[in-house]
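In case you want the letters, here they are:
2 protein chains.
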Amino acid sequence: MNAPLTLRRLVLAALLAAASSSAWAADPVHDAAAATLPEYLDLLRLPNVTRASAADIQRNAAWVKAAFMRHGFTAQLLDDGDTPMVFAQLGDRHARKTVLFYAHMDGQPVTPSEWDQASPFTPVLKAKDASGAWQALPLDKLQGGAIDPEWRVFARSAADDKAPIMMLMAAADAFKAAGKAPAINIKVLIDSHEEGGKPTLPDVVQRNEKLLKADAVVMLDGPMHASNRPTLVFGHRGVTGFKLTVYGARGDMHSGHYGNYIPNPAFGLARLLTAFKDADGRVLIPGFYDGVHFDAQTLAAFAAVPDDEAALLRRAGVARHDRVGDNYQQSLNYPSLNVTAMAAADIEHPRTVIPFEASASFDIRTVPATPGARELALVRQFVEAQGYHLSDGAPTDAERAKYPLLASIAGGEGAAPLQTPLDAPIGVWATKALEGAYGEAPVRIPMMGGTVPTHGLVVGLKSPILLMPLVNADDNQHAANENLRLGNYFMGVKSLHALMAQPL
Amino acid sequence: MNAPLTLRRLVLAALLAAASSSAWAADPVHDAAAATLPEYLDLLRLPNVTRASAADIQRNAAWVKAAFMRHGFTAQLLDDGDTPMVFAQLGDRHARKTVLFYAHMDGQPVTPSEWDQASPFTPVLKAKDASGAWQALPLDKLQGGAIDPEWRVFARSAADDKAPIMMLMAAADAFKAAGKAPAINIKVLIDSHEEGGKPTLPDVVQRNEKLLKADAVVMLDGPMHASNRPTLVFGHRGVTGFKLTVYGARGDMHSGHYGNYIPNPAFGLARLLTAFKDADGRVLIPGFYDGVHFDAQTLAAFAAVPDDEAALLRRAGVARHDRVGDNYQQSLNYPSLNVTAMAAADIEHPRTVIPFEASASFDIRTVPATPGARELALVRQFVEAQGYHLSDGAPTDAERAKYPLLASIAGGEGAAPLQTPLDAPIGVWATKALEGAYGEAPVRIPMMGGTVPTHGLVVGLKSPILLMPLVNADDNQHAANENLRLGNYFMGVKSLHALMAQPL
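These protein sequence lines are chains A and B, in that order. If you read the first sequence in full-length UniProt numbering, its first letter stands for residue 1, the second for the next number, and so on. If you read the second sequence in full-length UniProt numbering, its first letter stands for residue 1, the second for the next number, and so on.
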């Protein structure tokens, strides 16, 4: 599907590649980007696993604060217990609008033995050889000389999310080198708690509301669209988790002496799951999709995203996809009901028993029209409509004697969705900036399927929010051999420079 | 349900209790039983966990062999690697039929900390106090004086299965004390491998076919009917295990980015389970019950078993039972399809993913009309009829690209069922013997739901087999605080004596 788009993308990729190795070399924005690469490597050398070491995060915060100051920003640490965040600022003219850029300096835990290099915190520059294998290059290849955009830097947080921090400084440098000033006031918040531990962002935002106040927020996190074209994301789904347990006998029962007689809760749970969804993955719970409607502009936006769905299915290794929406993007704009895990007894050591209970954990990905609390209430009602009595935890003896079908539902915690209208001023501004820089419209994703902890920013600042991911989609983020494609580093600086040059 | 039967049982219990404390005291069979109690305690003092110590089993075997010889049997060890079995014999007259009695001397593993006594291998005599709590009594209460049938001996294998070994010797003693000989030739096989490790019975039987040859086999194992009335069991179900795995994507997929798009195999597995059975637990797989028919005699036998189904449900803690048969006994005479465990991802640590696979392990309890291989073939056909392609283990890339629904089925090992006709000579003989001893028909169970490893005996000896369980149903076998009710010890000796006195 989308054959014309694929062709167009190939042509674009060829143009970009040509541009990067010749025209970009004479581009002051490119030069500014290249000049920051040694600092970028230094930043990657600082271990940054919040859960592992607060002292590591303190070292990152001190380094980042000093770096912003070296690059012309004012900067300060924001108190957050023993893992401070960093605030930086450039320009404060009343006549200009203010944009707050968000990124984070902490990273996911590492298992060094899984990496194809000595340490996740010793960055390695690599290029693909003729056979497609990654081969290390000397790091000094990054100091002067032509840089192949296909080279990659491998290290924890190379992409997620230290690259955007340095890209911000490089973009500011480009204005300075050209003797110009950005068209917006720039604020920067660098989070220390995005990847682990209790999220502290809402508290930090609340305590620093005035300092962080902005007309718009741009979050620099996550990977770009798989086409690697400049990408704007206008929202994300929320998430609500819960656990459904179906109860059988008081304890495991001998499957010989009681098989065909004592009901097996695994079959009961299976019946509920089967009632929840049809064979195409559409939720059958009444009201679950209520309020979800798409106008013509939104439907067109779904269709305009250059997804290669055939390639997606091939990568995943499945011959067909669920049929909730007409295409991948539309599917992500409906709430989902997903089983994240399921269990009865111990499948690694099955004994010949009728298990006493069977459980499934779920996540509901929500959209603004379908709040998690409403969806969970609909699930509860539906389970009751199937004849189940919902107990508060494990059933009492009286409940066991009275109700043939017993279950419980626990949980309901989650995070809220975010949706910025496609025609909101922040979207018009960013789209215009990127169109100006690249000569064509960016990929505009109405809503990404995953969840980003924007709630603290939304509630605390009440500013419109947009996500602008800058790193390659195949960056292995959260896993071993995380990497940044250097072409994306240059493109990211170019995109940020374009936004900074565009009056809001 | 069964109110009249319950009343009749209460009356019978009262009569038995009265008999045990007065009439039995003057009964030579009762006296012979009482005289063996000190030896019974000695036998319980020998640790007997096959998997834990072969030397322990050797000590048990030597003790059991010597004990049979003390009680007038000839006896020998049967080679079985380092865990010998014991063979004993009493009488060898050509004019008499020969019955082989089977019991086992090995026991289930113990967790001493879970026991309410110093050691599972230091037997403790206990009586219930007014509050219903068990209180220890001096062991010498068992040496002379009246013995309350409600007292119990607590120790590993007190019930399962050392008591029947001593009961056999006591029953033989009663003949000797009366100057009589049994009406049958008696052979005894004491297994060393029933509770754990690789079953070696088939090999031992094959190597000793001539020695063990008998006209009938009576297995003394398992608990009596819950009514505690003398019980004969005419068969048991077989068992066949398998594992069904439904495949989703190649690996776990992010539930945000792919929820509503990449199919979740947990829902696929649930749909299959729901198709397997209706809400009343009846299997919907075509042909699964084919060949199962009950004649009027068998239906009457089901109804005659004095089950208290209301009490069974109360103990289990469920308000309703599956509706495969018209009653509990009939349900156990149909093959069952039971989920023994089920899993997708890790429910203890659920992550927000679409799990890459979902599995359920099953056991099919089989009856002679429904062999395990046939049932498993029907399951495979049924899964395919639901649109699934069954791969041989995990699917290949080509299978992933071709088939929307992918699953695999592995396993199929199991044990055969056994069914001796209710009117077979062995059943008539044992029924007549027990009727004579107790003045009413025993509980006759056409087929128990669980599986007993009789196959080695059946194939090796080609003799009709009957099970005569002798111990109380609430004996905590296989668990902590295993115990034998002393009334059952006396009743067991009486039942064995009755069989031995009855010509086959």
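Keep in mind that the hints are not guaranteed to be accurate.
When chains are identical, the list treats them as one kind, so a pair holds in a single copy or across two.
What the hints assert, rightly or not - Okay, derived cross-link-like pairs now, DSBU-like style, lysine-lysine, Cα gap no bigger than 35 Å in a straight line:
(1) Lys-402 / Lys-243
(2) Lys-243 / Lys-180
(3) Lys-126 / Lys-243
(4) Lys-402 / Lys-141
(5) Lys-97 / Lys-210
(6) Lys-432 / Lys-402
(7) Lys-128 / Lys-402
(8) Lys-126 / Lys-97
Just so you know, these hints were derived from the structure itself, not from any lab.
Hints, one by one, checked against the model:
1. Lys-402 / Lys-243: both (23 Å within a copy, 34 Å between copies)
2. Lys-243 / Lys-180: This pair counts as neither: shortest intra-copy Cα distance 56 Å, inter-copy 69 Å.
3. Lys-126 / Lys-243: neither (44 Å within a copy, 45 Å between copies)
4. Lys-402 / Lys-141: Classified as neither: same-chain Cα gap 75 Å, cross-chain 46 Å, threshold 35 Å.
5. Lys-97 / Lys-210: Close inside one copy (15 Å), not across copies (101 Å); limit 35 Å.
6. Lys-432 / Lys-402: Neither: 65 Å inside a copy, 43 Å across copies.
7. Lys-128 / Lys-402: The answer is between: 32 Å across copies meets 35 Å, while 67 Å in one copy does not.
8. Lys-126 / Lys-97: Classified as neither: same-chain Cα gap 41 Å, cross-chain 86 Å, threshold 35 Å.
The structure does not agree with the numbered hints 2, 3, 4, 6 and 8 stated previously, though it agrees with the rest.
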